[in-house]
Each structure stands twice: as C-alpha cells, then as structure tokens.
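Peer 1: From first to last, the protein sequence lines stand for chains P and Z.
Per this note's numbering, the very first residue in the first sequence carries number 8; after that it's consecutive.
Per this note's numbering, the very first residue in the second sequence carries number 838; after that it's consecutive.
Please note that a few of the clues may not be correct.
Reference excerpt, derived from the structure (chain Z facing chain P, CB under 10 angstroms, subset only) [as the list claims (entries may be wrong)]:
no.	residue
1	P959
2	H963
3	L966
4	L1015
5	R1016
6	G1017
7	N1054
8	D1139
9	P1140
10	A1141
11	L1336
12	E1338
13	D1388
Keep in mind the hints are simulated off the structure, nothing from the lab.
In this text, all values refer to a predicted model and were calculated from it rather than measured experimentally.
Ideal placement from N, C-alpha and C gives every residue a C-beta, glycine not left out.
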Amino acid sequence: MNTFVVLVEDHPGVLTRVSGLIRRRGFNIDSITVGHTETAGVSRMTIAVEADEFGARRIEANLYKLLEVLRVDNVTRQPSIFRELAILKVKTTPETRAQIFQLAPIYRARIIDVSTESLVIEITGNQDKVQSLIDVLEPYGILEIARTGRLAMLRGTGTASKPPEDEQDFGAAKAEEDLISHSV
Amino acid sequence: MKKTGAQILFESLVREGVTCVFGYPGGAILPAYDAMLDYPIRHILVRHEQGATHMADGYARATGQVGVAIATSGPGATNMVTGIATAMMDSVPIVCITGQVGSKAIGSDAFQETDITGITLPITKHNYLVTKPEEVARVVREAFYVARSGRPGPVLIDITKDCQQSSCEFVWPEEPKLRGYRPSHTPSSREVEQALELINSAKRPIILAGRGIQQSNAREAVLAFAEQANVPIAMTLLGLGAIPASHPLNLGMMGMHGEAWVNTAIQEADLLLAFGMRFDDRVTGNVKTYAPNAKKIHIDIDPAELNKNVRVDVGLIGDLRTTLEELQPKIAATDRSDWIAYISMLKGDSAVRDIQNLPDNGHLYAAHVINDLWRETRDRETIVVTDVGQHQMWEAQYYKHEDPRSLITSGGLGTMGFALPAAIGAKVARPDAEVWVVVGDGGFQMTMCELATIAQEGIDINIAIINNGFLGMVRQWQEFFYERRYAATPLVNPDFVKLTEAFGLKAMRVETRGDVVPAVREARRHQGTVLIDFRVEQEDSVYPMVPAGNDLHNMIRRPSAIVETGADA
Ligand SMILES: Cc1cc2nc3c(=O)[nH]c(=O)nc-3n(C[C@H](O)[C@H](O)[C@H](O)COP(=O)(O)OP(=O)(O)OC[C@H]3O[C@@H](n4cnc5c(N)ncnc54)[C@H](O)[C@@H]3O)c2cc1C
Ligand SMILES: Cc1ncc(C[n+]2csc(CCOP(=O)(O)OP(=O)(O)O)c2C)c(N)n1
Ligand SMILES: [Mg+2]
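Bound conformation, chain P alone:
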C-alpha cells in the first residue's frame, strides 16, 4: 500500500480530477481524505493506493500533470505517522458490556455512547491498531463501522505541506527533483 500526501488548489472539482485520474490509470484507491491546510486556498489529500514501486511513480508523475496539483509526497517509506479514526457500534448484553468497557482502554479507545443493547466506541490509530480492535470486537457483533481513511504526516520537522515561500514556486524544486529522477 502506498500513501501519498497531495497538496492541491482548493478549486471545485479537484477531488474528481484526482480520483478520476487514478482510476483511469488502472489503480484502485483504498482511501482518500481531503481537508483544509494551514495555507488558505490549499487543500490536503491523503490517498492510499495499492501499487508497486513503478506504479507508485507513475501515479506521482500523473498527479503532477493536473494543473491543480501543487505537490505530491509519497510518504510510504519515509518515517511517518499514519492515523485513522473509526467509530464502531457494537451489540451488547448486560454480560458483554463490562467486557467491552475493559477492552477499550487497552486500545486507548473511548466509549462515546451507551444504550441498552449497544455502545459506540471511538478509536484513533494506525490501520493495524484499528483493525485489531475491530477483530477483537467482531465476536460481540459489530452493527456499524465508520472509518475516515488514512491521514499521514512526516515525523520530525520535515513537512509535506511547506507553505509557499514564493507563491509561484510552490514546492517546485522538490517536484522537479521527483519528476526527473525516475530511472530505477
């Protein structure tokens, strides 16, 4: 799985352009999240896509073809923090409720709603952690899951969304370096 952090112009239709492009090139998007950034007019997408090394490079090069794409970082193999938020609704009985209350803290998950026959748990973490909680709760009966998809950020002071020093030169040096160093 490859994770791209993509900075785009905050224009109407950009999400369609980006997702359409990846689909058209024959790749399957696992998750895509979009939100504002610290810079006005710039949105940030985190895209998780299944692809091999060559595929990942092609996705990157193709993304750069879109006029609205300002910068692409493939953070897959860089030291990064990956996070996902999931909300799970689990069936409970008087007996199982206590068990689930005990499980949740192990995952640093929080119980955010309780009713007589179900409860709702919120968890944040990387994909493995979220998945492992889901697996553990499966036997109790999961009624509903809502997941945000992956967010990513580089560790340390390096950023994938450095604000433009020069409006016209947004990430240009980095983009150029990525684009021309293609031979493997």
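Add chain Z with the ligands to chain P, keeping to what the hints say.
Peer 2: Chain Z with the ligands alone, transformed into the frame defined by chain P:
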C-alpha cells in the same frame, strides 16, 4: 472598455494569433457567433462537430500551432468527444470551445445541457467551465498556453450563455500564472552521465524516432547525433517524416506493420535510444520479449511516460532537442559499420517479397497507388493525411516522407473518419502545400459529409479512396485469426464518383495500374478538390504483421512472389 463575454472570447482568440476557427452554431453559443462577425477570424462551417475537432487537429499537426473548434452545448459538445480523444492520444494542441446553458440552469437537466467538462475530464489535458465574463480572457490565455506547452494536448473551454452575454471591463492578462503546472524539465546530470556511458560503449545501438522529434523540432539534433555516433534510426508511425526517408541511416518503420529487418534489428540491439516515442503496444509487441538484450535510454518530456510500458535503464526527462544538444558534444564518433551492414543483410529477400516487384498481373494493388502517388507528388511540398486501416499502413510503407509534418494520421486512437476533416484543417493551415487524403472506402463514409464543407469553403485538396470493398483491416484479422469468417466487413458502397459530383466536385475512377499516374496528374492540374476512386485488390493484406501481443520478431511475412497468394493468383 466594457465588453461582453462573447466579445472578450474573440478579442482573446485574436490576441492568441487565431485567424481561423472550425465550428457549428447552436443556441448556447449564439452570442459568441454574433460577436465573431466583428473580429478578423475566418469561420469554417463544418457539417458535423466531430469534423470541426479533426480540422482543428489537422491544422495543429500541420503547423504546431493551436487549432480551434467551436460548438454549441449538449449534442454539439458531445459530437466533439471523438475528436478530442483523438487529439489527446496523439498529444495535439487544440482548444475546443463549447456553449453551455445559463449558469443558473446548470444541474437542472436544462434543454441541451450536458456536463461536457465532466465527460471530457479524462480526454483533455485540462478543461474549464467559465461562468463569468471576468474569467474569459484569463482562461483563454491559459488554455492556449497549456495546450501548446510541455507535452501538448487538447483543452476544452465550456462557456455558459449568460457569461457570453454579460459584460465587464476587458483586461488582457499577463503571462499565465499556474503554480501547479510544470511543462518543462531538465534531466539530472547524473542521468546524463549514465546515458553517455551507455551510448559510447554500445555496439549495436538503434534510435527509435517518434513524434516527439517533430514536436520539439529536433530533426537536426537527431541527425547530428545519429551521424556522429553512426546509429541507425527506426521510425514509429507518428515519427515518419521526422527524419528524411532517404537518409542512409533511416531504416524505416518499426512495429506491428513495420519492416521485418527493423523489428529484427530492434530485437538484436544492445541499446535502444527512444527519442520522443512512447513504446505503444503496436511498437513493442509482447513487452516481455521486447529487445531482451538491450539497455534502454528514454528521452521524453513527460515524466509519466517513463517505465510505463517498457522498463528503461536511464530516463532523461526533458525537451528532446535541448537534451540532445547537451549530449551531442560528448558523444564519441564510433564506427558501427558492422552493425549497419548486418542490418542491411537482414533486408535479405524483402525486396523479392515486395508487391512493388510483382510483375503486372492486371490487378491494381494499393501499394502501386501509393507508390505512384509518392513519385508524382515528390516535386512539391505535400502533406498526406491518412485515415485508419490497411491503406494507412500501405501509405506508411510506400510513401517516402522526407519532411516533418508531411504525414498526418491518427495513431493512438486510430480514429476512422479522421482523414477528410483533418486534411481540410491542414490545407487551411498551409494553403501553399498540396494536400492528399488517403482514405479507405469504410472510413471515408464516416465523415464524407465534409465534402459539403469543402464545396462551400472552396477548399482545394485531393482525395484518394483506396476502395477494396471491405473494412479491409478488420477483414485481414478475420482472414488471419478467424478462419476467413467475414462477419460484417464486406461493404456495399455508394458510387463515390456520382456522390462527389453531387457536391459539385470533380471525381474519377481508376481500375488499372496504368491509369494511376494520369489520374493523379489530372487531379493535380485541376483547380479545386478532386476525388479519385481507386478500385484496388479486394483481399490483399498488409505485410509483415506482428499479431497483437506477439513477440516483435515473430512476423507474418508476405508469401514470397514465387509462391503467389490467393489474391495475387
Ligand atoms: C491500424 C494501426 C496500425 C498501427 N501500426 C503501427 C506500427 O506498425 N508501427 C508504429 O510505430 N505505430 C503503429 N501505429 C501507431 C501506434 O498506435 C502509435 O500511435 C504510435 O506508435 C505512436 O508513436 P509515437 O510514440 O512516436 O508518438 P506519440 O504517441 O505522439 O508519442 C510521442 C512521445 O513524445 C513525447 N514528446 C512530445 N514532445 C516532446 C518533446 N518536446 N521532447 C521530448 N519528448 C516529447 C511525448 O511525451 C510522447 O511520449 C498503428 C496505428 C494504427 C491505427
Ligand atoms: C471509428 C472507428 N470504428 C472502428 C474502427 C475499427 N477499424 C479499424 S480499421 C477498420 C477498417 C477500415 O476500413 P476502410 O476504411 O475501408 O479501410 P481499409 O482497411 O479497407 O483500408 C475498422 C473498422 C476504428 N478504427 N475506428
Ligand atoms: Mg476498405
């Protein structure tokens, strides 16, 4: 001064150097048509909007300048889709302008509303929906810049009717500012070093010359490189003309219907130098067995082309001419006469098999028509525009192109119906050139309505129908791969001579080899468009042929002259 969106549109087109547009009016684009009358722009009224896009495409391919097509909303816009996709596949700079319903009506399924920016998203380099007159000038400026820069391509501008009608202050914007657009690149010095090492040590190198040479005006640079290093050159279909066919290092076309010796040489090479070509599957055959012993250097302006179809050892991302000019001084002069002599030997019995050398058996072969046409038109600047099918391949094999932009053909999309309108565009762009359409009897009927455009606009081109009574290329596949079961390929055609005459144009019919040259001469003498209906052998096939997906060296060869084919007998 205040102007309407429609006026700003034409004001901007004029400032972009547009002198001619191809179009068809309708409700949603009427304000623009009304404004057009006040600007120095020639409008060519087409008979189908697909024709307008192919004309803009032919205009662009003939010159390198941006071609412009205009249509109304809804059906006008959707009729453009094939032409836009054709231009996208072959990286042709065109700008398509469509009217759109009023901005308040968007999304309401209003009369003749289609989401043309949505539809064309995957087949344009970029597209715009413009709803305010303040945006028109900037968008037109950007559209032309995007269409022609970097790897060129089609751009669509969809303009709502209210945008055309309302007014604002006209301001011609400065250079487009697009912070996310990176059309030009320069290869890294490390990769340049690696490339030089591979080039200077190669024993059996071969240049794969593509359309990028024409787009980057790199003919001189490629020739200088090839001559310095003694590297033979193989051409893609879209590369033809980029290097003179008569140049001693030019081997001819590669690929599915390329020359047998060219494909064999590629398979045996130790270095492939891909210059502005994209390793289309009609070029590589089975990629798993493609040039197995060769290192590969790819020079292309588009980073997304690298390692797409074929894994390469060194990729130089940048403009071809600039990159070659950087490499050139460091290329060692190397004697490669053994390799070149070996390739000449590979030509072997090809000449014997060539249909050109068959004794006249009373049949008219397309190869004869094309070859005679070439001999007759060599004396002038000539552009040949071909359609898609067998005749297209025979043209590529038997017409010897000397000049860039002298062959215009739809390669990537293989769009039947392309030739006639594209030729009109080419003629409008280069009125001094002689323009010949080489088209099949099938493809001609897809866009023959444009004969009316020719008549109305007084266009002077010549049309050679290679009439074999079949959808020949498909028939050939049925012959080779479907046991000659000719499902839906025989054609019952109209009388093309009478048909042409009905448009008020001149037409002739040719059935024997001896009549080819006189007919071509007469067509050339005649002022105005002439159509010649060449009745050729019905079941001839294009040889050699690498069946789709086969290894490049496993070609079906023309049965040699001695063992005559059924068709020859
Ligand atoms: C019936 C049929 C049969 C065919 N058979 C054959 C065949 O036998 N042999 C054959 O070769 N083709 C054949 N084709 C055509 C084939 O499908 C492709 O269209 C063709 O091979 C593409 O040629 P190309 O790569 O040179 O051009 P393009 O597809 O136009 O690619 C050009 C490349 O150059 C790059 N470029 C553009 N500008 C620059 C620049 N300034 N600097 C550097 N790079 C640049 C582009 O990024 C692109 O990668 C056939 C088509 C049809 C319809
Ligand atoms: C619009 C379109 N439809 C279908 C095809 C598939 N096709 C490729 S070649 C061909 C036959 C072309 O016949 P004709 O125009 O008579 O040319 P010929 O091959 O006989 O020279 C067809 C149907 C195509 N390329 N384009
Ligand atoms: Mg035919």
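Peer 1: Evaluate each hint against the coordinates.
Peer 2: Hint-by-hint comparison with the structure:
no.	hint	result
1	P959	holds (5 angstroms)
2	H963	holds (5 angstroms)
3	L966	holds (8 angstroms)
4	L1015	holds (6 angstroms)
5	R1016	holds (5 angstroms)
6	G1017	holds (5 angstroms)
7	N1054	violated (22 angstroms)
8	D1139	holds (8 angstroms)
9	P1140	holds (4 angstroms)
10	A1141	holds (4 angstroms)
11	L1336	violated (40 angstroms)
12	E1338	violated (46 angstroms)
13	D1388	violated (22 angstroms)
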